[in-house]
Amino acid sequence: MHPRKLSIADFTYDLPAHRIAHFPLEQRDASRLLIYRNGITGEDQYRNIAAHLPANSLLVFNDTRVIEARLLFQKATGGLIEIFCLEPGDQYRDINSAMQQTQRVVWKCMVGGASKWKPGQVLQRSLNGSAGGTLEAVYLDKKPGYFLIGLSWTPAHLSFAELLHQAGAIPLPPYIKRKPEATDAERYQTVYARQEGSVAAPTAGLHFTPNVFQQLRKKEIECAYLTLHVGAGTFQPVKAAQMADHEMHAEFIDVNRQLLQQLINKKEDPVVAVGTTSLRTLESLYWLGVNWKLHQLSPENGLTQWEVYDRAEPGLSTEEALTALLEWMQQKETDRLITKTRILIAPGYKPRVISALITNFHQPQSTLLLLVAALAGNGWRDLYNYALEKDFRFLSYGDGCLIWVS
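Just so we're aligned, residue -13 is where the sequence shown starts under the numbering used here, counting upward by one.
Please note that a few of the clues may not be correct.
Unchecked claim - Think about it this way: if two alpha-carbon atoms lie no more than 27 Å apart in a straight line, the pair counts; the simulated BS3-like pairs of lysine-lysine are:
1. 336 to -9
2. 94 to 163
3. 128 to 204
4. 204 to 279
5. 225 to 61
6. 61 to -9
7. 336 to 318
8. 205 to 253
9. 253 to 128
10. 253 to 129
11. 279 to 225
12. 225 to 253
13. 165 to 253
14. 326 to 336
15. 205 to 102
16. -9 to 204
17. 163 to -9
18. 61 to 128
19. 163 to 61
20. 279 to 94
21. 204 to 165
22. 128 to 225
23. 165 to 61
24. 205 to 163
25. 102 to 128
26. 279 to 205
27. 165 to 252
28. 94 to -9
29. 61 to 102
30. 94 to 61
31. 104 to 94
32. 163 to 253
33. 129 to 94
34. 252 to 163
Stated by the list, open to error - Distance ranges between label pairs, derived from CB positions:
35. 41 to 197: 50 to 58 Å
36. 104 to 305: 51 to 59 Å
37. 76 to 13: 54 to 62 Å
38. 88 to 283: 33 to 41 Å
39. 119 to -1: 18 to 26 Å
40. -4 to 88: 47 to 55 Å
These are calculated hints, taken from the structure and not from any lab test. The C-beta atom is built at its ideal place from N, Cα and C for all residues, glycine as well.
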């Protein structure tokens, strides 16, 4: 069946509110780990995950960093306006360059209390910290699904990333029904987060600690890094009855030559994606390589939602597709590929790059659950029923699983 014809009602389960983890465990790697390979084969803790991975594996992590994307302003009349920065305006090539802007930026945002804010009206607030300074926001335009907001600030030497550190707050997922606490600034980041730009954490990575990485090194398990900046669309429930009517959100991905070479070197070995964002990036790379090798379509054009299902079998190996991307980099005299992907991975998709996925437990009727079902087949129900029966903790701050492709 073409994934367009899938009914989202077939991918639901009953998730009681008390099973959602509202706080992380005191120790990251104490989280429970369920192992699934054509059926549930065991459970453990993340601190022992190296024992469940072959010594020749390549683990691929998403090194994005969650930004303090929530900005609060108080109007002169007393009303509160909350600006939630989603992604930079179209005039910026990528999130990284937008985060380094000084003095002013234009950003796509969600706005709480928008009915109290008129186009052209300027909001102002002072910055936190001893240096002083001000932040101004102006309502530029309303577009389908977002507002276009102009932000300007002093001191002018501050980058937008530094400005958010001073003025913003870490956004927690909407299903965590509490206010952010000071500890979330650390615990809602992976220990290896580097590239600023996400509005949500790649949560599979929250369980990894220096001790876990030490165990991986002892077993000579290789680690690699890519960047996908997680957008707020990751939390959007699928509202359409059929997937044909659901529009996937686009997300920025950023990969370098070293990652591609590591993947090619490991072509005969298991590649394990740490998180759905890593998996979607890795699988996107295969198809971007296909587009360039067979159709001379630039990888910078990105990947649309359905194109991987709407074409004939390309007949390219993973090595050939990734080598094509290296050749594109050489031709462009660059070491990085920055583009966007909308890839929707659902039952019917054949993985091209990954052998397994490390991931948390996801919301009912979500595209993330479709991705799990694409790997585990109908066994996803057994997996989730077991986790519910055995009191696993769900969603971002919860436990997780290691799923080998069925």
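Checked hints:
| no. | hint | in the structure |
| --- | --- | --- |
| 1 | 336 to -9 | holds (17 Å) |
| 2 | 94 to 163 | holds (25 Å) |
| 3 | 128 to 204 | violated (53 Å) |
| 4 | 204 to 279 | violated (38 Å) |
| 5 | 225 to 61 | violated (34 Å) |
| 6 | 61 to -9 | violated (47 Å) |
| 7 | 336 to 318 | violated (30 Å) |
| 8 | 205 to 253 | holds (19 Å) |
| 9 | 253 to 128 | violated (47 Å) |
| 10 | 253 to 129 | violated (44 Å) |
| 11 | 279 to 225 | violated (36 Å) |
| 12 | 225 to 253 | violated (38 Å) |
| 13 | 165 to 253 | violated (45 Å) |
| 14 | 326 to 336 | holds (21 Å) |
| 15 | 205 to 102 | violated (58 Å) |
| 16 | -9 to 204 | violated (46 Å) |
| 17 | 163 to -9 | violated (34 Å) |
| 18 | 61 to 128 | holds (19 Å) |
| 19 | 163 to 61 | holds (26 Å) |
| 20 | 279 to 94 | violated (34 Å) |
| 21 | 204 to 165 | violated (40 Å) |
| 22 | 128 to 225 | holds (22 Å) |
| 23 | 165 to 61 | holds (22 Å) |
| 24 | 205 to 163 | violated (40 Å) |
| 25 | 102 to 128 | holds (14 Å) |
| 26 | 279 to 205 | violated (36 Å) |
| 27 | 165 to 252 | violated (43 Å) |
| 28 | 94 to -9 | violated (32 Å) |
| 29 | 61 to 102 | holds (9 Å) |
| 30 | 94 to 61 | holds (21 Å) |
| 31 | 104 to 94 | holds (17 Å) |
| 32 | 163 to 253 | violated (43 Å) |
| 33 | 129 to 94 | holds (9 Å) |
| 34 | 252 to 163 | violated (42 Å) |
| 35 | 41 to 197: 50 to 58 Å | violated (18 Å) |
| 36 | 104 to 305: 51 to 59 Å | holds (56 Å) |
| 37 | 76 to 13: 54 to 62 Å | violated (43 Å) |
| 38 | 88 to 283: 33 to 41 Å | holds (35 Å) |
| 39 | 119 to -1: 18 to 26 Å | violated (48 Å) |
| 40 | -4 to 88: 47 to 55 Å | holds (50 Å) |
The structure fails to meet hints 3, 4, 5, 6, 7, 9, 10, 11, 12, 13, 15, 16, 17, 20, 21, 24, 26, 27, 28, 32, 34, 35, 37, 39 from the earlier list, while all remaining hints are met.
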